Amino acid sequence: MRTRRMRRLMGMLMAAGMLAGMFTGCAGGQKLSDKFDEAEVREEAKEVIGILNEGDVDTLVDDRWNAMLKSAFDKDQVRSQVMPVIEELGAFEGYDKEAVTGSKDPDTEQEYAVAVIKVKYEKRKAQFTISFDEDMKVGGFYIK
Numbered sequence: 001m002r003t004r005r006m007r008r009l010m011g012m013l014m015a016a017g018m019l020a021g022m023f024t025g026c027a028g029g030q031k032l033s034d035k036f037d038e039a040e041v042r043e044e045a046k047e048v049i050g051i052l053n054e055g056d057v058d059t060l061v062d063d064r065w066n067a068m069l070k071s072a073f074d075k076d077q078v079r080s081q082v083m084p085v086i087e088e089l090g091a092f093e094g095y096d097k098e099a100v101t102g103s104k105d106p107d108t109e110q111e112y113a114v115a116v117i118k119v120k121y122e123k124r125k126a127q128f129t130i131s132f133d134e135d136m137k138v139g140g141f142y143i144k
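1 is the number of the first residue of the sequence shown in this note's numbering; add one for each residue after it.
Calculated directly from the structure, the hints in this document are not laboratory data. Computed from a predicted structure; not experimentally measured. Among the hints, erroneous ones may be present.
To be verified - No farther apart than 25 angstroms at their CA atoms in a straight line, the calculated lysine-lysine pairs in the PhoX-like style are these:
id, residue 1, residue 2
1, Lys137, Lys35
2, Lys118, Lys75
3, Lys125, Lys97
4, Lys137, Lys31
5, Lys35, Lys97
6, Lys70, Lys46
7, Lys70, Lys123
8, Lys118, Lys46
9, Lys31, Lys104
10, Lys104, Lys144
11, Lys125, Lys104
12, Lys75, Lys137
13, Lys137, Lys46
14, Lys35, Lys125
15, Lys46, Lys31
16, Lys31, Lys118
17, Lys123, Lys97
18, Lys46, Lys120
19, Lys75, Lys35
20, Lys31, Lys97
21, Lys144, Lys31
22, Lys35, Lys123
23, Lys104, Lys35
24, Lys97, Lys144
25, Lys97, Lys120
Unchecked claim - Cβ-Cβ distance ranges computed for the label pairs, FRET-style:
id, residue 1, residue 2, range
26, Lys31, Asp76, 31 to 41 angstroms
27, Glu122, Arg79, 32 to 42 angstroms
28, Asp34, Pro84, 38 to 48 angstroms
29, Lys31, Gly90, 30 to 40 angstroms
30, Gly90, Gln110, 33 to 43 angstroms
31, Asp34, Tyr121, 32 to 42 angstroms
32, Lys118, Gln30, 32 to 42 angstroms
33, Glu54, Asp107, 32 to 42 angstroms
34, Glu88, Lys31, 12 to 22 angstroms
35, Glu38, Ser80, 28 to 38 angstroms
36, Gly94, Glu38, 34 to 44 angstroms
37, Glu40, Lys104, 12 to 22 angstroms
38, Ser71, Glu122, 25 to 35 angstroms
39, Ala67, Asp96, 15 to 25 angstroms
We put the beta carbon where it would ideally sit given N, CA and C, even for glycine.
The task is simple: from the sequences and hints, build the whole structure.
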């Protein structure tokens, strides 16, 4: 059963994800662009998850978010909406399944890499969907 905090976070992240989705298009299994290295995308996604697990919101937002995501989901929102959910998951145990696909904004032709990483935590699993722009900055972020 989901807690009120989890439902509120899901709503906030879905809103941010929809905003990002308007710019990145659907990640429905498109081939990864040659502009990205699949192994680098996987590792960068794991680093983003690791930073989040450590609770280092400043580094996450300041160094990893792109300008669009910073304007849609700032540090205070990450602290108040995301961190309580991460704490509710319990201790990080490891990565489960991973996939990387491509995405393209139909309006701007901007290409993105999308990593979907399932993570095992002490209390339950979580699925992170993280979109990266060509500068390897996070342009979309979603936890399910």
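Exercise. Identify every previously stated hint that the structure contradicts and give their numbers, smallest first.
Key: As far as the earlier hints go, 7, 11, 14, 19, 22, 27, 32, 34, 36, 39 are violated by this structure, in ascending order.
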